[in-house]
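Mind the numbering: the sequence shown is residues 1 to 342 in full-length UniProt numbering, read in order.
Keep in mind the hints are simulated off the structure, nothing from the lab.
Because the structure is a prediction, the values reported are computed rather than measured.
Hints should not be assumed to be uniformly reliable.
[To be verified] Across the chosen pairs, the derived CB separations fall in these ranges:
| id | residue 1 | residue 2 | range |
| --- | --- | --- | --- |
| 1 | HIS193 | LEU31 | 43 to 53 angstroms |
| 2 | GLY242 | GLY184 | 28 to 38 angstroms |
| 3 | SER296 | PRO166 | 17 to 27 angstroms |
| 4 | GLY184 | ARG342 | 38 to 48 angstroms |
| 5 | VAL261 | PRO178 | 17 to 27 angstroms |
| 6 | ALA38 | GLU162 | 17 to 27 angstroms |
| 7 | VAL259 | GLU165 | 18 to 28 angstroms |
Built from N, CA and C at the ideal position, the CB exists for glycine as well.
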Amino acid sequence: MTVAPGDDRDPPRVTAVGAAAVDEWYAVSNLPEPDGGAYASEVETAPGGVGANVAAGLDRLGREVGLVSRVGDDEYGDLARSWLAETGVDGSRVSVGDDPTTRSVILSAPDGERAIVTAGESFRELRLDPATLDSIVASEVVFLTAYTPDRVARAVLDRVLEMGEPDRPALVFDLSGPVEELAGRGTEPETVHGYLHRADLFVAGGVAAPAYFGGREAAVDRLRAVRDASVGPAVLTHGADGMTAIVDGEATRIDAFDVDVVDTTGAGDAFLAGLIDRWLLADGRAAGRGSAEERSRDALVDAVRFAAAVAAINCTERFTQTGLPTREEVESFLAARGVELR
Numbered sequence: 001m002t003v004a005p006g007d008d009r010d011p012p013r014v015t016a017v018g019a020a021a022v023d024e025w026y027a028v029s030n031l032p033e034p035d036g037g038a039y040a041s042e043v044e045t046a047p048g049g050v051g052a053n054v055a056a057g058l059d060r061l062g063r064e065v066g067l068v069s070r071v072g073d074d075e076y077g078d079l080a081r082s083w084l085a086e087t088g089v090d091g092s093r094v095s096v097g098d099d100p101t102t103r104s105v106i107l108s109a110p111d112g113e114r115a116i117v118t119a120g121e122s123f124r125e126l127r128l129d130p131a132t133l134d135s136i137v138a139s140e141v142v143f144l145t146a147y148t149p150d151r152v153a154r155a156v157l158d159r160v161l162e163m164g165e166p167d168r169p170a171l172v173f174d175l176s177g178p179v180e181e182l183a184g185r186g187t188e189p190e191t192v193h194g195y196l197h198r199a200d201l202f203v204a205g206g207v208a209a210p211a212y213f214g215g216r217e218a219a220v221d222r223l224r225a226v227r228d229a230s231v232g233p234a235v236l237t238h239g240a241d242g243m244t245a246i247v248d249g250e251a252t253r254i255d256a257f258d259v260d261v262v263d264t265t266g267a268g269d270a271f272l273a274g275l276i277d278r279w280l281l282a283d284g285r286a287a288g289r290g291s292a293e294e295r296s297r298d299a300l301v302d303a304v305r306f307a308a309a310v311a312a313i314n315c316t317e318r319f320t321q322t323g324l325p326t327r328e329e330v331e332s333f334l335a336a337r338g339v340e341l342r
């Protein structure tokens, strides 16, 4: 659905800024080494893109969410928009341009590990008109990934910083991708630095964090120093090795759930959806912002465990969006493992 820039509907509770992409999925015999090869026993096409994945994850959990993105005027763009239309995500701010739609080739090995190669300029060329920027910052929560073009990430950050409390939205930033992958394509280090010090929730993956901070332990130390009670928490994800939650300068390790992995593609995006849901939306904005008590270590650990359950369930199915669980499925998963959240 395309809505004119002057559309005055109420903004969704959450706005995700990120790619709505097409994943071309190859079930390979192995992830090839340099100069090596592999055989693909199956080839399928599925919806993807960090922004669309996080938005779809929140939608599956029953949240009102919209997506700001850009696709190409091609068959991949048609696919991306048709898949989005099958969800409850508001896609009225997904624009269409002349550049090829962003798409990824995903090599998925039998153990669930994968390698990803992304192409297509459509999301990289995203621009924000005034009406779209106004709509973004009018939401209660705004999510951005480091794959967001720098001019867009900077515009959102600058506008939010101009807004006074309590009018501004809560900012969630996902440090996804190493520096060399994002260069000239995504959010630049200077802007990442701004989100590091200003975002209400800062999340970094196991590949991206060492690239920016010089290693896992260095990332923990840096985030402990920066993410104090006046800023908000941070979470580092380490894949099967679990997560590190940092709140009020204290770091806590949390184990991942053990499941039979089918495909890890999009597990981080599923985790982000669960974390936003539990930390920032469960009891309104105050669940993740406000007094020190509301940002307590126990509350954050519970949010991370909930998010870890969302990601674990996602890993038991092929493709990201088809494996995203409902709230009832997450609650059943946790109950079966004797996990009680406060």
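(Q) Of the numbered hints stated earlier in the document, which are not met by this structure? (A) 1, 6, 7
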